[in-house]
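Enquirer: Chains F and P supply the protein sequences, listed in that same order.
As numbered in the numbering used here, residues 149 to 343 make up the first sequence, in order.
As numbered in the numbering used here, residues 149 to 343 make up the second sequence, in order.
Read the hints as simulated data drawn from the structure, not as lab findings.
As the structure is a prediction and not an experimental result, all values here were calculated from the model.
Treat the hints with care, as some may be off.
All copies of an identical chain are treated as equivalent in the list; a pair is satisfied when it fits inside any one copy or across any two copies.
With a Cα cut of at most 25 Å, we get these calculated DMTMM-like pairs of lysine to aspartate or glutamate [said to hold, decoys possible]: (1) LYS225 with GLU166; (2) LYS270 with ASP165; (3) LYS163 with ASP223; (4) LYS163 with GLU214; (5) LYS225 with ASP165; (6) LYS270 with ASP305; (7) LYS163 with GLU229; (8) LYS163 with ASP176; (9) LYS273 with ASP305; (10) LYS225 with ASP176; (11) LYS225 with ASP301; (12) LYS270 with GLU243; (13) LYS270 with GLU239; (14) LYS163 with GLU250; (15) LYS273 with ASP200; (16) LYS270 with GLU166; (17) LYS163 with ASP268.
So you can see what is in the structure, the chains are spelled out below.
2 protein chains.
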Amino acid sequence: MRLYIALLHYPVYNKNDERIASAITTVDLHDLARLSRTYGVKRFFIITPLTDQQRLAERVKSHWTEGYGAVYNPDRKFALEIACVSGSLEETIREIEDAERERPLLIATDASNQNVRSLDYKEAKQMIRSDRVLMILFGTAWGLDRAVIQEADYLLDPIIGPTPYNHLSVRTAAAIILDRLAGQHDTMPSSFEHC
Amino acid sequence: MRLYIALLHYPVYNKNDERIASAITTVDLHDLARLSRTYGVKRFFIITPLTDQQRLAERVKSHWTEGYGAVYNPDRKFALEIACVSGSLEETIREIEDAERERPLLIATDASNQNVRSLDYKEAKQMIRSDRVLMILFGTAWGLDRAVIQEADYLLDPIIGPTPYNHLSVRTAAAIILDRLAGQHDTMPSSFEHC
């Protein structure tokens with residue numbers, strides 16, 4: 149399994165459908181790092197072009213991997229070691245390409261069905277098992293910019309429960325998606341280098 | 149489906165295995181309310197015996213259901229209307245019993261396997277589909293007190309990913325559990341009365 153995930157803070161939409169760079173939500177960094185470790189994700193990229201937000205994400209990471217947090221909670225240290233801060237999606241793709249010698253296939257996620265080609269969970273799961281290098285893109289705020297969705301190789305089906313309500317947090321949506329796609333694997337995650 | 153969920157802030161453990169009442173994490177209230185609406189849960193109980201913490205939870209709820217938040221984001225209003233603050237597990241059970249004229253079966257959750265009777269996801273799913281009144285109990289901090297687990301009718305299997313790491317947040321664990329247990333239902337949630 150050569151699976152990566154990325155949490156994009158740009159380009160995403162605000163409530164008024166305007167393109168913005170969203171603020172870091174520190175609890176997202178913890179939750180997605182812990183999910184990554186649980187489901188064998190190789191690296192979790194936190195993408196933001198804002199240097200103050202990059203510094204905030206780095207500070208959260210270093211508190212738990214090198215600071216007091218590392219002693220206080222070694223499980224959290226182990227989780228946050230997998231997190232990497234990146235300035236853009238392009239930079240992230242290049243980094244993975246360098247490590248894997250293969251360009252990752254990009255799977256975008258969105259709460260609504262955009263009427264474009266979309267991948268069901270069974271197909272996505274097979275793809276993950278195929279040993280292709282894949283990266284799942286999660287959007288913060290009101291979701292990924294349509295340009296990102298269109299540039300991605302695939303758009304994953306939205307999470308549909310038994311009700312018409314579809315307003316999950318990105319943390320809980322990522323949990324459900326990773327459990328559906330990587331929950332039944334019995335392989336161990338590959339080793340990775342810290343960033 | 150007559151499914152309830154409860155987030156317990158007491159009795160739970162702290163890091164040193166001491167019984168405590170944990171503090172409310174407001175993001176948990178939002179995430180679990182949104183999950184409840186997505187998966188057709190009838191009510192989401194926030195359990196804490198501490199009156200200042202009850203007031204905090206009520207304040208979060210009223211901001212989003214009656215205050216500025218209700219106008220700002222009606223989807224969040226709809227989610228948080230399902231949340232009820234309760235002083236104890238016993239009080240919560242009585243409230244459900246009054247509404248359903250049936251005592252709920254209690255399904256406890258825990259990240260580790262306690263070597264007691266434990267319910268797999270297939271069995272739990274069938275139980276939910278059987279129209280029995282059920283309540284899933286989620287613990288905050290370092291997890292539910294063993295006494296609660298022992299008093300519950302069932303203990304659900306822990307979430308096991310493809311790795312040995314099992315330190316998810318209660319938010320993401322609840323997301324995975326609800327998706328596994330109620331994700332494939334095609335029934336709509338029953339109506340409920342606000343609390």
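Enquirer: List in ascending order the numbers of the hints, as given earlier, that are violated by the structure.
Expert: As far as the earlier hints go, 2, 11, 12, 13, 14, 15, 16, 17 are violated by this structure, in ascending order.
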